[in-house]
Amino acid sequence: MPGIPDVGGASGGSRLTVDLHLGQGADNLVARPYQSGDSMRRIHWRATAHRDELMVRQEEQESTPEATVVLDLGMLRWSPEAMTEPGSDPAFEAAVSACVSVVSRLVHDGYGVEVTDSDGATLTDRIDSGDVIEVETMTARFATLLARPDDHLARLSPQFTGGMTGPVVLIVGRIDPSDVSAIAPIAHHSTLPMLLAVTPRGDALLRAEEAGWHAAAIPEDADLALAWTAVGERLVGDRVG
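Per my numbering, numbering of the sequence shown is gapless, rising by one per residue and ending at 271.
Please note that the accuracy of each hint is not assured.
Unchecked claim - For each label pair, taking beta carbons as the anchor points, the in silico distance ranges come out as:
id, residue 1, residue 2, range
1, Ile163, Met70, 45 to 51 Å
2, His80, Pro188, 34 to 40 Å
3, Ala255, His80, 47 to 53 Å
4, Ala255, Leu106, 24 to 30 Å
5, Ser211, Ile73, 43 to 49 Å
6, Trp75, Ala184, 53 to 59 Å
7, Trp75, Pro207, 19 to 25 Å
8, Leu236, Thr94, 23 to 29 Å
9, Glu250, Thr174, 33 to 39 Å
10, Arg76, Pro110, 54 to 60 Å
11, Ala151, Trp75, 49 to 55 Å
Hints listed in this document are in silico derivations from the structure and should not be mistaken for laboratory results. Note that this is a predicted model, so its numbers are computed, not measured. Idealized CB from N, CA, C, for every residue including glycine.
Construct all of the structure, not just a fragment, from the sequences and the given hints.
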């Protein structure tokens, strides 16, 4: 597997890093003991029964935002060699390297990260914020990763259409304009939907942008850090504009 670039810069202070956290941290309802002046409408009856004292609802910010990185292993996105021997398909290896790099950046920036295939299959255990050891474990495991039979991309959207989620970074090989409609709904359910494609066809990336994705090409010889930064600059520009 090619060397893993640091997609966010060594300092961790890129504009995209900052913007990744905007809108993050869903509110959770937790219970605390009743205090004089609290509205009776805020009483948490289940917690009250459990603790045998009056408890009220209190909103608390999640300390660890969540992100999902999706690496599409469907064989139709890659050459046949990607299913047979690690390192035999440069495009596939570029995508694997991008996946590891993005996960590393997100974990470094304080995210808990799920890594899945486009059909929802888990590719590694959830990686907690700051868990460098688990990132290294994933990197070693992905050195022998192969493509899988079938095309899974159409199965991706239903996994995210039940509500809002944090950043979703989708890494694919070949993507055609006709594929964009399958992933378009995800953009409306993620605080930051990002598409990184090794071999985009036609105006696929433009259509993805129009659907709400922040998209960039990452060909085999691309500088992933530049692609990541370009997406971040467009994101900042969109918000300023």
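Going through the hints against the structure:
Checked against the hint of 45 to 51 Å, the pair Ile163 and Met70 passes, with Cβ atoms roughly 48 Å apart. Taken as a hint, the range 34 to 40 Å holds for the pair His80 and Pro188, whose Cβ atoms sit roughly 35 Å apart. For the hinted restraint 47 to 53 Å between Ala255 and His80, the CB-CB distance of approximately 50 Å keeps it satisfied. At about 29 Å, the beta-carbon gap between Ala255 and Leu106 stays in the expected band of 24 to 30 Å.
Distance hint check: the CB atoms of Ser211 and Ile73 are about 47 Å apart, consistent with the given range 43 to 49 Å. A beta carbon spacing of about 43 Å between Trp75 and Ala184 contradicts the range 53 to 59 Å that was offered as a hint. Remark: the range hint 19 to 25 Å for Trp75 to Pro207 is contradicted by a beta-carbon distance near 53 Å. Between Leu236 and Thr94 the beta carbon distance is about 34 Å. The supplied range of 23 to 29 Å is therefore violated.
The hinted range of 33 to 39 Å is not satisfied by Glu250 and Thr174, whose Cβ atoms lie roughly 19 Å apart. Take Arg76 and Pro110: their Cβ atoms lie about 55 Å apart, and the range 54 to 60 Å holds. In this structure, Ala151 and Trp75 break the distance hint of 49 to 55 Å, their C-beta atoms being roughly 40 Å apart.
Taken one by one, the earlier hints fail for this structure at numbers 6, 7, 8, 9, 11, listed in ascending order.
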